[in-house]
Amino acid sequence: MIFDPTHIDEIADEYVLGLLDQSDQTAVETEMEHNAVLRNAVAASRERFLPLDATVEPASVPAGLWSRIEAGLGDAEPAVPLGGATLAPEAIYPSAANENRRYGWKATAIASMAASLLLAIALTWSLGRQAEPIVIAVLLDERGDVQAVVEDFGNDNARIRLLADLTVPDDKAIEVWTLPSRDMGPVSLGLLEGASSRVLRAPPLPKPQDAQLYEITLEQAGGSPTGRPTGPILAKGFAKMPR
Amino acid sequence: MPSDDLATSLAACARGDRKGLERIFDTEAGRLIAVAERILRRRDLAEEVVQEAFIRIWKNAHQYAPDRGSARGWIYTIVRNKALNVLRDGRREDLVEDGKLEALQESDQLEDVLGALNRLDQNSRLRDCLASLDERKRRGILLAYVGGYTHGEIAGRLRLPLGTTKSWIRRGLSALRECMS
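Taken in order, these protein sequences are the chains called W and E. Add 158 to a position in the first sequence, counting from 1, and you land on the number used in our numbering. Add 25 to a position in the second sequence, counting from 1, and you land on the number used in our numbering.
This is chain W alone, in the form it adopts within the complex (with noise of 0.2 Å):
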């Protein structure tokens, strides 16, 4: 299937109607996962034509529906790479929960190729240096759009690199945070003084592993009052060791 530009609106259509035939519909599908002016189009169709779904008469909701389908969910625990996963579980710091909320941790949209291709450079641009890093980790945002690298070099060192424009009020600061074991909780690796990239000098720490969770989230300046994350968490990401 050829996606030209001049026909993309129209393959969006027949694809949210259904009328492509199975080849060219996953064929559709494979190809929004990168070209997101098709994925525009779909999406634009999709709100276009949507008012039809709206005018059913709503059935009757069969008892037993719900439960079967709770029933359902045990062997599909939702795939999280990071929308679950947070520092700040809810039963522990609810108001940092709370805030997260606020802050809108939608599903993260992980633009997972564009974070790949970021850690392929972010690998590449390591091994020309002198300290190998244990782990690196690549922070996203809650739209899956990277903001920072980590390089936890497991000698109590780490480093941070920006890789997007961040605003920090005066009164803020950002503070950068890892999980090194449920147990110890989540623990402050330091402060980034406005919104620079930096070389952190990190608490003694158990050696970093692989998929160990990083995080940046804005705290008053000076860093957070109760040594846990507390404000909005910025980006996050999981470790990954450099092959």
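Everything labelled a hint here was simulated from the structure, so no lab data went into it. Any given hint might turn out to be false.
To be verified - Partner residues aside, some chain E positions facing chain W, computed with beta carbon under 7 Å:
#1 Val60
#2 Trp83
#3 Arg93
#4 Leu135
#5 Leu139
#6 Ala141
#7 Arg144
#8 Ala169
#9 Ala200
Even glycine gets a Cβ: it sits at the ideal position worked out from N, Cα and C.
On the provided structure of chain W, position chain E as indicated by the hints.
Just chain E now, with coordinates in the frame of chain W:
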């Protein structure tokens, strides 16, 4: 439920909070079953589709992002696509159990599908724009979106050759985009 609330509920699902899914179910399940039934013409299959769709919504909630359109559109698409897949796999003919009832059901179905236009909100842009299309183009679009009909099935209902049907629908869609832009 307003689409913003649906987006919040999807975000809850992405965090692994089942209450989020339950909220979507409580407000939308009845309408989703009806949307699937309008395509499948069988309540039992429609309920099955909605059951599977909710598990999919739960698993894929983290993939929802505003650049994919409204949360409502994202949720309804999952149900619609599942219903269309069931329809295409089983073919519409196999879904009608009693051959004698087929003709009657068919005309009921057509009425139901084409009647969707009149049930659109009076002030709806879509309603005005659909109404401004030639009847065949309008019917073609409604049969496809509302009833889940294929090009071939629409050609049969409109008594037009397949190629002509395809180009009529294409022109209808293009006119509709222009009207709504």
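Consistency of the hints with the structure:
1. Look at Val60 of chain E: its Cβ gets to within about 5 Å of chain W, closer than 7 Å, so that hint holds up.
2. Satisfaction of the interface hint for Trp83 of chain E is found here, the shortest Cβ-Cβ separation to chain W being roughly 6 Å, below the 7 Å cut-off.
3. Interface hint status for Arg93 of chain E: upheld, as the beta-carbon distance to the closest one in chain W is roughly 6 Å, under 7 Å.
4. A distance limit of 7 Å between C-beta atoms decides the matter here; for Leu135 of chain E the minimum to chain W is near 15 Å, and the interface restraint is violated.
5. For Leu139 of chain E, the interface hint is violated, the least distance from its beta-carbon to any beta-carbon of chain W being 11 Å, above 7 Å.
6. Residue-level restraint check for Ala141 of chain E holds (minimum Cβ-Cβ distance to chain W is 5 Å; threshold 7 Å).
7. The interface hint given for Arg144 of chain E holds, since its Cβ lies 4 Å from the closest Cβ of chain W, which is under the 7 Å cut-off.
8. The interface hint given for Ala169 of chain E holds, since its Cβ lies 4 Å from the closest Cβ of chain W, which is under the 7 Å cut-off.
9. A hinted interface residue such as Ala200 of chain E counts as satisfied when its beta carbon comes closer than 7 Å to some beta carbon of chain W; here the least separation is about 11 Å, so the hint is violated.
Comparing the model with each earlier hint shows violations of hints 4, 5 and 9; every other hint is respected.
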